[in-house]
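Per the numbering used here, residue 1 is the first one in the sequence shown, and the count goes up by one each step.
Mixed in with the good hints, there may be bad ones.
[Claimed, not checked] The calculated DSS-like cross-link candidates involving lysine-lysine, where the alpha carbons are at most 25 Å apart (straight line), are:
| no. | residue 1 | residue 2 |
| --- | --- | --- |
| 1 | LYS375 | LYS478 |
| 2 | LYS485 | LYS449 |
| 3 | LYS449 | LYS105 |
| 4 | LYS72 | LYS448 |
| 5 | LYS105 | LYS478 |
| 6 | LYS105 | LYS485 |
| 7 | LYS375 | LYS418 |
| 8 | LYS485 | LYS418 |
| 9 | LYS504 | LYS456 |
| 10 | LYS418 | LYS72 |
| 11 | LYS448 | LYS478 |
| 12 | LYS72 | LYS456 |
| 13 | LYS448 | LYS418 |
| 14 | LYS456 | LYS418 |
| 15 | LYS418 | LYS105 |
| 16 | LYS449 | LYS478 |
[Claimed, not checked] DEER-style ranges, computed between Cβ atoms:
| no. | residue 1 | residue 2 | range |
| --- | --- | --- | --- |
| 17 | ASP347 | PRO113 | 25 to 33 Å |
| 18 | ILE487 | GLU466 | 21 to 29 Å |
| 19 | GLY539 | ILE487 | 54 to 62 Å |
| 20 | ASP529 | LEU24 | 50 to 58 Å |
| 21 | ASP347 | LYS230 | 44 to 52 Å |
| 22 | THR402 | GLY240 | 44 to 52 Å |
| 23 | ALA244 | GLY314 | 33 to 41 Å |
No lab work stands behind these hints, which were simulated from the structure alone.
Cβ atoms here follow ideal geometry from the backbone N, Cα and C, with glycine treated the same way.
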Amino acid sequence: MNQNSSDNRFTASKPLPPLSERSLAHWRGLLSAWWLLGGLVILFSTIFGVAQHFSSTIYMDEWDGMIGFWQKLGNGDTSAWWAQHNEHRIVLTRALFWLDLHFFKGQGYLLIPANVILHLAIAAVFIVAYIRFATQRHSPAVVVGVVLTARFLWMQDDNLTWGFQSQFIAVYLFAIASFLTYSRSTREGPLTPQVLGLVLAFTSMLSMSNGLIAFPVLVIMSFMLRLTWKHRLVAIAAMGVAWALYFHGYRSPPYHASPVDGILHHPIDVIHYALNFLGSPAAFLGAGLHAPLIVGMLLLMTVTTIGVLLVRRGELNSYRLYIGATFAFAAAAALLAGSGRYNLGLDTAVTSRYTTPALIAWLSAFLLFADVASKTRFWTVVAVFGVLVLPAGLWSQRIMMTMPPQPFYRDVAVLGVKMGIRDGSYIDWMYPRNGQDIVVSLMNYADKKGLTVYGKDWVRNIGTLEFSRDRVDATACKGSLDDAKHIDGAWLLNGWALAEGDRKAKLIVLTGQDDATVGYGVLGEVRPDVAQAVAGASGTTGWRGYVISANGQVSAWLYTRGRFCPLASNIDFRP
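Let the sequences and hints guide you as you build the complete structure.
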């Protein structure tokens, strides 16, 4: 057999011709538009989600942190402004509390928009810094899209819909602004960037204890910027004053592990926690429970490698230093969280509120890469991320359409306490059980002052609205009374109701056989069965209510537009 004749059947392949500059520009334009569109979709869908999930029923730290703070001020205790909340001194957030309580009775009309505005402000700092100071600008449209995506993914919902969390966003806003401002300092230039940077760091410290980290970062920056010793000493002195002020009268929180003990005696656990913290967004993007640790490690290794190479090559300019400082701040926050919370379990590192600093770390890593990468590498990474990460981010937004049950459970807790019923199974959703005596006292105070949800009509009507046959309208709704069960000292009833054309209907009135008002209920429970079976019904048509005592059969009425609409009584209830 002729070997050569066999080989002649195959011809060498020719390499594909490179794309022309015009074709490259076309595809890059489409990719830029994709990222910008994706970022805008995430921005506006998240704002929509914030509006959809808005509630004036506060919970957890808001009770002692906001209502307790307001109560102390009312008693003349001005030290409440500086008092610790756990390990933090949340002065700026308390200023927002004061404004919301003073002008809006604490109903969240300032606090919740403030969360969105603070996120927008962080995005603005990143975008302005890129446009004005970046070493190379391959695509402003891509960067804007990436920034909006990282700042507004719904996985951060705790830091968007919870009025208490403005502190958690503000600490990063002022720290990042501090690093950017301070990075503009020069040996012979004006002192303004340094002074403003230190002031912003102090403001960050007044948001949360994490802000203390901003000062050593600025001190390191003063050396890397090769400022004069006089300027370095100013930064060191400012750090000393700020730390001394912060820790004057400081007391360690009783429920957290000691950060020093954690780092010295449990370093592996602390690092493990911190890496999961940094990689936490991966879990929310659907990558699995083990992904955060791997992503956190890769993220830290990548940024460290780029940083070392920049220093060794003498290519670390002021913009790159600012980006590196931002990443270091987020990484230090992860380490600090790990040192104090490693004993609470790794699952606590992968929580919604921690995705905000983690996404800041991801964004910083991308911006640093974008500033050092060649055009080809930049667009390659942007394309890969545009195919894998951005669609995952867009898909993850769907979770906002699912209404969690907790807000409704908190409304039931408000209803019960207002009626003098302490149903621990619902108050648990309002505050930890070991502190329920505290929260019930604060709830009664808020009720007396008409604060937060206690300023809403449906809550004010509890105990004062009486049923009247003259105001019955059987055509105004659909619904039923489904079930009742005995609890300690009362009966818990449930059912569903749909008001015709009244989306604000919230209160259920319960009457006895003699038409006397014997209890109340609140509407808003997730009832997918009703949504499927009844035309026009939303997913939150369920209600629950309480009756302490009654005479004979109990009937349920939906209070809508000043009328009482009967709900079908399909059980014989005789408490």
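Structure-based check of all given hints:
1. Restraint check for LYS375 and LYS478: the C-alpha separation of about 62 Å exceeds 25 Å, so the hint is violated.
2. With a C-alpha separation of about 33 Å, the suggested pair LYS485 and LYS449 falls outside the 25 Å cut-off, and the hint is violated.
3. For the given pair, LYS449 sits about 9 Å from LYS105 by alpha-carbon distance, which is consistent with the 25 Å threshold.
4. The straight-line distance between the Cα atoms of LYS72 and LYS448 is roughly 15 Å, inside the 25 Å bound, and the hint therefore holds.
5. Taken as a hint, the LYS105 and LYS478 pair is broken in the structure, with Cα atoms around 33 Å apart against an allowance of 25 Å.
6. Using a Cα cut-off of 25 Å, the hinted pair LYS105 and LYS485 is violated, with the two alpha carbons roughly 35 Å apart.
7. Between LYS375 and LYS418 the alpha-carbon distance is near 63 Å, which puts this suggested pair outside the 25 Å criterion.
8. Restraint check for LYS485 and LYS418: the C-alpha separation of about 20 Å stays at or below 25 Å, so the hint holds.
9. Straight-line distance between C-alpha atoms of LYS504 and LYS456 comes to about 11 Å, which keeps the hinted pair within the 25 Å bound.
10. Only pairs whose Cα atoms come within 25 Å are accepted, and LYS418 paired with LYS72 is accepted, the gap being roughly 22 Å.
11. Proximity of LYS448 to LYS478 is assessed by CA-CA distance (about 34 Å); at most 25 Å being required, the pair is judged violated.
12. For the given pair, LYS72 sits about 23 Å from LYS456 by alpha-carbon distance, which is consistent with the 25 Å threshold.
13. Restraint check: the Cα-Cα separation between LYS448 and LYS418 comes to about 10 Å, which is no more than 25 Å; the hinted pair holds.
14. With a CA separation close to 13 Å, the supplied pair LYS456 and LYS418 stays within the 25 Å bound.
15. Of the supplied pair hints, the one linking LYS418 and LYS105 holds, its CA atoms being roughly 18 Å apart against a limit of 25 Å.
16. Distance check on the hinted pair: LYS449 and LYS478 sit about 35 Å apart at the alpha-carbon level, beyond 25 Å; violated.
17. Range check, ASP347 to PRO113: Cβ separation about 31 Å, and the 25 to 33 Å hint holds.
18. In this structure, ILE487 and GLU466 meet the distance hint of 21 to 29 Å, their C-beta atoms being roughly 24 Å apart.
19. Under the hint 54 to 62 Å, the C-beta atoms of GLY539 and ILE487, about 26 Å apart, miss the expected range.
20. At about 54 Å, the CB distance of ASP529 to LEU24 agrees with the hint of 50 to 58 Å.
21. Taking the beta carbon of each, ASP347 and LYS230 are about 49 Å apart, inside 44 to 52 Å as hinted.
22. Checked against the hint of 44 to 52 Å, the C-beta distance between THR402 and GLY240 comes to roughly 49 Å, which is consistent with it.
23. A hinted range of 33 to 41 Å holds for the C-beta pair ALA244 and GLY314, which are about 37 Å apart.
In the structure shown, a violation is registered for the earlier hints numbered 1, 2, 5, 6, 7, 11, 16 and 19, in ascending order.
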